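Q: These are the residues of each chain, in order.
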Amino acid sequence: MARAQRGRRLRARVLIRPKQGILDPQGQAVERALPALGFDGVENVRVGRLVELDVADGASVADMCEKLLANPLIEDYEVLVVDE
Amino acid sequence: MKFGVVQFPGSCDERDALLAAKRFGDAELLWHAERDLRGADAVIVPGGFSYGDYLRAGAIARFSPMMDAVSEFALAGGPVLGICNGFQVLCEVGLLPGALLPNDSLRFVCRQVELEVVNTGTPFTRACEEGERLSIPVKHFTGCYFAPESALEELDANGQVLLRYDAGQNPNGSLRDIAGIASAQKNVFGLMPHPEHAVDPLTGSSDGGKLFASLVAHVEELVAA
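Residue numbers (the working numbering), protein chains in the order written: chain A, 4 to 87; chain B, 442 to 666.
One or more hints might be untrue.
[As the list claims (entries may be wrong)] Simulated pairs of lysine-lysine, BS3-like, Cα-Cα distance not exceeding 30 Å:
| id | chain 1 | residue 1 | chain 2 | residue 2 |
| --- | --- | --- | --- | --- |
| 1 | B | K627 | A | K70 |
| 2 | A | K70 | B | K580 |
| 3 | B | K443 | A | K22 |
| 4 | B | K443 | B | K580 |
| 5 | B | K463 | B | K627 |
| 6 | B | K463 | B | K580 |
| 7 | A | K70 | A | K22 |
| 8 | B | K443 | B | K463 |
| 9 | B | K627 | B | K580 |
Honestly, the hints are just simulated from the structure, not real lab data. Remember, predicted model here, so these are calculated numbers, not experimental data.
Start from the sequences, fold in the hints, and give me the full structure.
A: As structure tokens, then:
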């Protein structure tokens, strides 16, 4: 009960990746490097980034993505809210 | 005629921009945390790594108080020149369309490039001849200009592409060899090459000076009118 009164914080994970069709030279470089290490049959490597944050209001995260965390012109984002 | 040169934490070309501007008029640095343009007639957003380029190049700088003032100035028609990281900031803040992606080579490029002046009817290029070639250095990792196909069509149709890399010179994979674009009103201009590093024959070229001279002519004409 005491725990609930402290104000709930939600853990949010934001996955950001280059949009389909946008050149991703990092993904290409990784894809070219893997066979050199013996990992064959790897395709469509895309390199993005992960942002983790604690928030009071999970609904605001998409807005954060639009305004700062991602650039919607070149990046897609996916928000996962984890109740901890 | 006075230039204001914005300085963010992580800027590194503001001194060169200041010195280059001083060859053509008065110039003063504008600290990012302030919002007073100190009477500048034209604003330069210089190159470097504003706020460490954390998250994305130029993404954090757009929220500085000074960029608020610069946006207001630009929306009122004031001339704003964004160089390299400054170009990235102007795209992030929405004063210019499109975005800059990591170079297609995934390498930092630092070399002299030849540019074609595509449109001379702007405050930034009026001292150039149509089709004139300029030799100006680039030095960047995130300079691949991207905009959706429809936006690229619009840029070309409106004469917003001011500079293109010459054939075989594109250092970063920019779509349509775009080196610099202007806003629809032509008072905001962003480019990846560094005109402030090309104002003295001692360093190989003084072609960059033409952009500064253009701005001076533009502002003096406004004052005279």
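Q: Are K443(B) and K463(B) close enough, with their CA atoms no more than 30 Å apart?
A: Since the Cα atoms of K443(B) and K463(B) sit roughly 9 Å apart, the hinted pair holds (cutoff 30 Å).
Q: Please verify whether K627(B) and K70(A) have alpha carbons no more than 30 Å apart.
A: holds, 25 Å
Q: Straight-line Cα separation of K443(B) and K580(B) no greater than 30 Å?
A: holds, 27 Å
Q: Are the Cα positions of K463(B) and K627(B) separated by 30 Å at most?
A: holds, 23 Å
Q: Taking only the CA atoms, is the gap from K70(A) to K580(B) under or equal to 30 Å?
A: holds, 28 Å
Q: Hey, K627(B) versus K580(B), does the alpha-carbon distance stay inside 30 Å?
A: Since the Cα atoms of K627(B) and K580(B) sit roughly 25 Å apart, the hinted pair holds (cutoff 30 Å).
Q: Straight-line Cα separation of K443(B) and K22(A) no greater than 30 Å?
A: violated, 42 Å
Q: Starting from K70(A), check that the Cα of K22(A) is at most 30 Å away, please.
A: At roughly 17 Å apart (the allowed maximum being 30 Å), K22(A) and K70(A) satisfy the hint.
Q: K463(B) and K580(B) were given as a pair; does the straight-line alpha-carbon distance stay at or below 30 Å?
A: Between K463(B) and K580(B) the Cα gap is close to 22 Å, so the pair holds against 30 Å.
Checked against the numbered hints above, the structure breaks only hint 3 and satisfies the rest.
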